[in-house]
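Q: Full structure from sequences and hints, please.
Protein sequences, first through last, are from chains A and B.
Once you know that position 97 of the first sequence is 96 in numbering that gives the first Met the number 0, the rest is easy, because the numbers rise by one and skip nothing.
Once you know that position 7 of the second sequence is 6 in numbering that gives the first Met the number 0, the rest is easy, because the numbers rise by one and skip nothing.
Think of the hints as simulated: they come from the structure by calculation, not from any bench.
Keep in mind that a hint or two might mislead.
[Stated by the list, open to error] Just a sample of chain A residues kept apart from chain B, beta carbon distances all over 12 Å, derived: (1) P59; (2) N77; (3) P96; (4) K99; (5) T145; (6) S163; (7) D164.
[Unchecked claim] When the alpha-carbon atoms are kept at most 27 Å apart in a straight line, the in silico DSSO-like pairs for lysine-lysine are as follows: (8) B:K2 to B:K125; (9) B:K44 to B:K125; (10) A:K85 to A:K134; (11) B:K95 to A:K157; (12) B:K95 to A:K82; (13) A:K107 to A:K124; (14) A:K125 to A:K99; (15) A:K104 to A:K82; (16) A:K134 to A:K176; (17) B:K95 to B:K2; (18) B:K95 to A:K85; (19) A:K31 to B:K95; (20) A:K107 to A:K157; (21) A:K94 to A:K82; (22) A:K99 to A:K134; (23) A:K46 to B:K95; (24) A:K107 to A:K147; (25) A:K147 to B:K95.
No residue lacks a Cβ here, since even glycine has one placed at the ideal position from N, Cα and C.
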Amino acid sequence: MKKLVIFSSALLLTAAVLAFAVLAQAWTISGKYNIAFSSNEASGIFKTFKGSIAFDEQNPAASNFSLSADVASINTGNALMNKHAKSDEWFDAAKFPEIKYTSRKIVKAGTGYQVTGDLEIRGVKKEYTIPFTFKRTGNNATFNGTFKVNRNDFHIGKPGGDVSDVITVTVAVPVVKG
Amino acid sequence: MLKKILLLALLAVLVGVLSGVAGIVYQKVYIETVGEGFVEIASVKNIIGASLLGAFVAAIGYFLLSLVLKGKTEMVFNLLFVILSFASILGPIGFKLPLEQEMPELFPGLAVPMHFFPALGWFALKPLFGKSI
Numbered sequence: 000m001k002k003l004v005i006f007s008s009a010l011l012l013t014a015a016v017l018a019f020a021v022l023a024q025a026w027t028i029s030g031k032y033n034i035a036f037s038s039n040e041a042s043g044i045f046k047t048f049k050g051s052i053a054f055d056e057q058n059p060a061a062s063n064f065s066l067s068a069d070v071a072s073i074n075t076g077n078a079l080m081n082k083h084a085k086s087d088e089w090f091d092a093a094k095f096p097e098i099k100y101t102s103r104k105i106v107k108a109g110t111g112y113q114v115t116g117d118l119e120i121r122g123v124k125k126e127y128t129i130p131f132t133f134k135r136t137g138n139n140a141t142f143n144g145t146f147k148v149n150r151n152d153f154h155i156g157k158p159g160g161d162v163s164d165v166i167t168v169t170v171a172v173p174v175v176k177g
Numbered sequence: 000m001l002k003k004i005l006l007l008a009l010l011a012v013l014v015g016v017l018s019g020v021a022g023i024v025y026q027k028v029y030i031e032t033v034g035e036g037f038v039e040i041a042s043v044k045n046i047i048g049a050s051l052l053g054a055f056v057a058a059i060g061y062f063l064l065s066l067v068l069k070g071k072t073e074m075v076f077n078l079l080f081v082i083l084s085f086a087s088i089l090g091p092i093g094f095k096l097p098l099e100q101e102m103p104e105l106f107p108g109l110a111v112p113m114h115f116f117p118a119l120g121w122f123a124l125k126p127l128f129g130k131s132i
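A: Okay, structure coming up:
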């Protein structure tokens, strides 16, 4: 009986250690993030951004992101442009209130990393690979990434026109451990 | 001619200062009413500067028109001043504020009325100069 208890305890402890090693570190998004987009004619930010981040530099394969930005929080710096951006011709904030990104695979790439996942805008889901860096200082860290989105892939606005089809998205997300 | 130019310059200064002060007062009322005054962009310096600029442009326009139109200057100038003041509201409506600025939709409500203050100041003060200008 005593041997069984010792064996069971050892097994549980090993399982707990292994589980801890497999699960990536959870990070909480801190307030001073910047989710910005820019093109020749339009630029702006999304003021509300949330999600869960589990990331381990040593084990990116066990890491995952699930992020979303509130479409209604878009700010271009101009009231008319904000209204236009939220309208059904562009982001259609009433029908599609969130832009979502869910990772499927994270790998090391050169000095940084690459996350491949599903980007969902206006109800259209497409696979996007985003390169990013992760800079850690103690319990704090910052994710930085820049990528391009073709707005026609998500039926945002009409093709052509004043706003270029390809929009550059810049993401800077400070996080804290836990 | 020199007297006319000097009086127009004096009128421009008076109109600029009066409309600038009116703009600052309006901004204070706006802050009390809606809680936002865009004081970084519409600073006291910027309000007074823009009002003086508007008044001096008006004075130069009045002087140039008076050289051409003689007796009909007043009528044409007043009409032009109103039309141009109306047209100038496209400026604050299309203005792009810094991205960190909250509630950009409230900016036109502050800045658009200010665009009419130089014209109001001109119409209020010009009669004081009688036929000297």
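Q: Quick one: which hint numbers does this structure break? Sort them smallest to largest.
A: 2, 10, 15, 17, 20
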